[in-house]
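Protein chains in written order, with my numbering: chain L, 1 to 315; chain C, 1001 to 1290; chain P, 2001 to 2242.
Treat the hints as calculated values from the structure; they're not laboratory data. Heads up, some of the hints might be wrong.
What the hints assert, rightly or not - The calculated DSS-like cross-link candidates involving lysine-lysine, where the alpha carbons are at most 30 Å apart (straight line), are: (1) K2118/P - K2079/P; (2) K176/L - K2176/P; (3) K2079/P - K176/L; (4) K300/L - K176/L; (5) K2079/P - K2110/P; (6) K1087/C - K176/L.
Said to hold, decoys possible - Examples of chain L residues toward chain P, derived with CB under 10 Å: (7) S169; (8) R170; (9) V183.
Said to hold, decoys possible - Part of the chain C face toward chain L, derived, beta carbon under 8 Å: (10) M1033; (11) D1091; (12) A1093; (13) F1104; (14) L1106; (15) V1183; (16) G1184; (17) V1187; (18) N1188; (19) V1260; (20) A1267; (21) I1272; (22) F1273; (23) V1276; (24) L1278; (25) W1279.
Idealized CB from N, CA, C, for every residue including glycine.
For reference, the chains in residue letters:
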Amino acid sequence: MIRLLSPAIFLAVVAALAYVPFVADSYGVTLGIGMLGYVTLATAWALFSGPTRYVSLATVAFFGIGAYTVAVFSETIPYPLLLVTAGAIGLGVAVVVGFSTLRLAGVYFVIFTFGLAELIRQLVTWYEVNMAGTLGRYIFLPVTPEGIYWQLLALATITFLISWWIGRSRIGLALKVIGDDEVVAAHCGIDIARVKLALFAISSVIITLVGAIQAPRWTYVEPVIAFNPTISFLTLIMALLGGANRLMGPILGAVPLFLLFEWLSANFPNHYSIILGLVFIAIVFVLPRGVLAFAEENWKRWRRTTPENLPAVAE
Amino acid sequence: MLVAALLSGLVLGGTYALVAMGLTLQYGISRIMNLAYGEMIIAAAFLAYVMFSGLGLNPVAGLLIAVPAGFALGYAVYGVMMSPLVKRARDKASLEIDSILATFGLLFVMQGVMLVAFGANFTSYSYLNDPVTIFGTTLAANRVLALVMAVVFGGGLYLLLTRTLWGTALRAVAVNPAAAPLVGIDVNRAARLAFAIGGGLAAAGGVVISMYQTFTATTGVVFTMKALIVVIMGGVGNLIGALSAGLILGLVETFVATYVDPGLTLAATYGIFLAVLLWRPAGLFGRVAR
Amino acid sequence: MSELLTINGLTKRFGGLTAVNAVSFSVAQGEVVGLLGPNGSGKTTVMNMISGHLPPTGGTIALGDQMISGLAPNRIALKGIGRTFQLVRGLPSLTVAENVIASLAFGRRKLWGEAARKEALQRLDEVGLAHRADQSAQDLTYIDQKRMELARALAAEPEVLLLDEWLAGLNPTELKTGIELIRSIQTRGVTVLMVEHVMDAIRALCGRCVVMNAGRKIADGPTATALSDREVITAYLGDVHA
């Protein structure tokens, strides 16, 4: 029953989301683009960082690479190929970065990825100012907001399916084993570096594509916009809120937080970062393993206590 | 030109070294990677600015207020935010991740508060902006004072840590937190104290920076990154390492800005940083712990 | 008898400390060999080098006619060496069955899905743990964790099994079961190299013993002979008793 039901619900949800642009106004579509973008980013982030516990702040590095690839080549490469190009560049960077960094653990990895995003931004800025002669670029592409929405929906669906498939596949088990104990993982025959690199590459390519698909929305791009570190932080906090180790976790985190921050930036633009910070702190203290794990634990505790109480009453 | 670059490199490097010493104490002894460290620096810079332009208090006297305030802030942050995380942590790795995330939150809160209070504009004030001639090149007096203060604070801290019993206890915790209780050292107290001293040093650094640089509410992250670079280059918990690495970074930045391209200064900084992380994660002067 | 595991001049230095110093011995196909020695004599370091957890500083390790020294642990596991750890290492976030499946899925046999599950249950049954298959590994008692670790190592069908103090910390009843279990492994043709301090178990199981002290091999021979060796007694008990 459940086996048939879940795919049916999934298809229904995707179909309903695909129908949204026909009924929503332009603000609704804009909102949908932002939300789908963050759902995809958070799911892709959790794909790698959830099981390996490598907290990556390189999200915006790849997002920005995607956006900038589109900006730079928008007039020379036809549109669908443009996305392929962006994905390929993202893949190349991910493989190089992955190869050199995956032996860094803990705090060093966090800081490396953060530094990487800043380094790329600085280099792009320098290149644009000194070589290209402009700081910003205009993107004129015949892509409608609805088109962007549907592309992102497709990417989000694919990302979700990849995440679902990984969770049930050998590589998913390998990731769990690595997350628990790398020494045991290696002695079980798992090639740790290869598994991590593969996941990092998949996750990075998806993130690059989100940046590439969203880029035409901006019309005007400059490094400060495309490489805004807040994107990394938001992605991280969304995945953590929902629970980075669950299939649905990143989605459950991304939707409410996106809406919250959308509302905040409209109503309290000056207090935005204070509230972002407080949410961050609250999640670390109250829900360190995410809403889903929290709910599950309490549900179990509740279920465990109720039946135990019954016989005591009967006696 | 060479001497000028060398001197301003030293001034910059001295400031970096001062700032990094606080972070190396916090990470080396308290085991907390404080990503809000730069915000503490900027907060002190704003405090110095307010005291100077509002109350007419000169920054050197301002240190007497800013440093204890930084110490108190560090003490409070450790007590309220960090010790619950330390208690709950299963191992070093989970404490690291938790503390990074919590101090991230703190970073945004502090940055947000400063944005609300001071706006996003570049802030600076003019104190001792008189030319002084050293080795045939002119330098603003406030920069010379900044270097002197960095030397005084850094040297004082070094003596404190190496010559007093209390400093030895702190260093013992840095070397081996598991064994320190065996010789009667209260690790939690040492950690809180080190975190507070780190806060005091951040405040001192902020006041020094405010004397000769412009700053905004959002530049804290840059200082955190630079302090981190220096800490990692020098080896975590290594004061002399932080001192040397700070000077190296200051010189490299100045030389890149003077001889290569000012637009590449930050890129050079991150480039060095990434290279050090990959090439020698234990620092230029450290040995890899096993 | 053909030599299956051949160790030649194996050396490991940590900084200035030489933990293992030019140790050579071999284990024949189907043998159960004890690796003995006082604490700190370098036994576990030898085990760690064989399984690839530590790279040797010098010397060679060969499995059959293949050189395995210096390979990564995952490569060595695939060549047919399985192990348990001195401090038992379960995978706490997985179930007991998944712990075994981990070794089936990535080891030499690449089993997955129903086949892997069936095989895992069978392996757990061998160590008497089938009834706990779907429990979380972190809820197991110490002895059951050891059983699970053994099932995980055996599931890869290793040619050589390294047991690092697998019998330590068991009560007499458990010890008896444990000895039976290892004997049954041997009858299946698996070659075993075991680090052990429980003398009864060594006498019951090992036909031959290699004894180490301070990083060097000091004796190598049939168990009774090796244990009565003068140097061995000195190493364990000091000069006065010799």
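Comparing the hints with the structure gives:
1. Between the alpha carbons of K2118/P and K2079/P the distance comes to roughly 24 Å, so the proposed pair stays at or under 30 Å and holds.
2. Taking the CA atoms of K176/L and K2176/P, the gap is near 34 Å; set against the 30 Å cutoff, the hint is violated.
3. For the proposed pair K2079/P and K176/L, the alpha carbon gap of about 23 Å is at most 30 Å, so the pair holds.
4. Straight-line distance between C-alpha atoms of K300/L and K176/L comes to about 22 Å, which keeps the hinted pair within the 30 Å bound.
5. With a C-alpha separation of about 13 Å, the suggested pair K2079/P and K2110/P falls inside the 30 Å cut-off, and the hint holds.
6. Our distance criterion of 30 Å between C-alpha atoms is met by K1087/C and K176/L, whose separation comes to about 26 Å.
7. The closest approach between the C-beta of S169/L and any C-beta of chain P is roughly 8 Å, which is under the 10 Å cut-off, so the hint is satisfied.
8. The restraint placing R170/L at the interface with chain P holds, with a minimum CB-CB distance near 5 Å, inside the 10 Å limit.
9. Of the supplied interface hints, the one on V183/L holds, with its beta-carbon coming within about 6 Å of a beta-carbon of chain P, less than 10 Å.
10. For M1033/C, the shortest C-beta to C-beta distance to chain L is roughly 5 Å, which falls under 8 Å, so the interface hint holds.
11. Checking D1091/C against chain L by beta carbon gives a least distance of about 10 Å; that is not within 8 Å, so the hint is violated.
12. The interface hint given for A1093/C holds, since its Cβ lies 5 Å from the closest Cβ of chain L, which is under the 8 Å cut-off.
13. For the restraint placing F1104/C at the interface with chain L, the shortest Cβ-Cβ distance is roughly 5 Å, inside the 8 Å limit, so the hint holds.
14. The beta carbon of L1106/C is positioned within 8 Å of a beta carbon in chain L (closest approach about 6 Å), and the interface hint is therefore held.
15. Among the interface hints, the one on V1183/C is violated; its C-beta lies about 28 Å from the nearest C-beta in chain L, farther than the 8 Å criterion.
16. Hint on G1184/C is violated. Least Cβ distance to chain L is approximately 30 Å, over the 8 Å limit.
17. Hint on V1187/C is violated. Least Cβ distance to chain L is approximately 20 Å, over the 8 Å limit.
18. Contact between N1188/C and chain L, as hinted, is not supported at the beta carbon level, the nearest pair being about 19 Å apart and thus beyond 8 Å.
19. Interface restraint check: V1260/C against chain L, minimum CB-CB distance 11 Å, threshold 8 Å, status violated.
20. Against a cut-off of 8 Å between C-beta atoms, the interface hint on A1267/C holds, since the closest Cβ of chain L lies about 4 Å away.
21. Proximity of I1272/C to chain L is violated relative to the hint, the smallest CB-CB distance being about 10 Å (cut-off 8 Å).
22. Evaluation of the F1273/C hint against chain L yields a held restraint, the C-beta minimum of about 5 Å falling below 8 Å.
23. Because the closest C-beta pair between V1276/C and chain L is about 10 Å apart, greater than 8 Å, the hint is violated.
24. A hinted interface residue such as L1278/C counts as satisfied when its beta carbon comes closer than 8 Å to some beta carbon of chain L; here the least separation is about 6 Å, so the hint holds.
25. Among the interface hints, the one on W1279/C is violated; its C-beta lies about 10 Å from the nearest C-beta in chain L, farther than the 8 Å criterion.
When each numbered hint is compared with the structure, violations occur for hints 2, 11, 15, 16, 17, 18, 19, 21, 23, 25.
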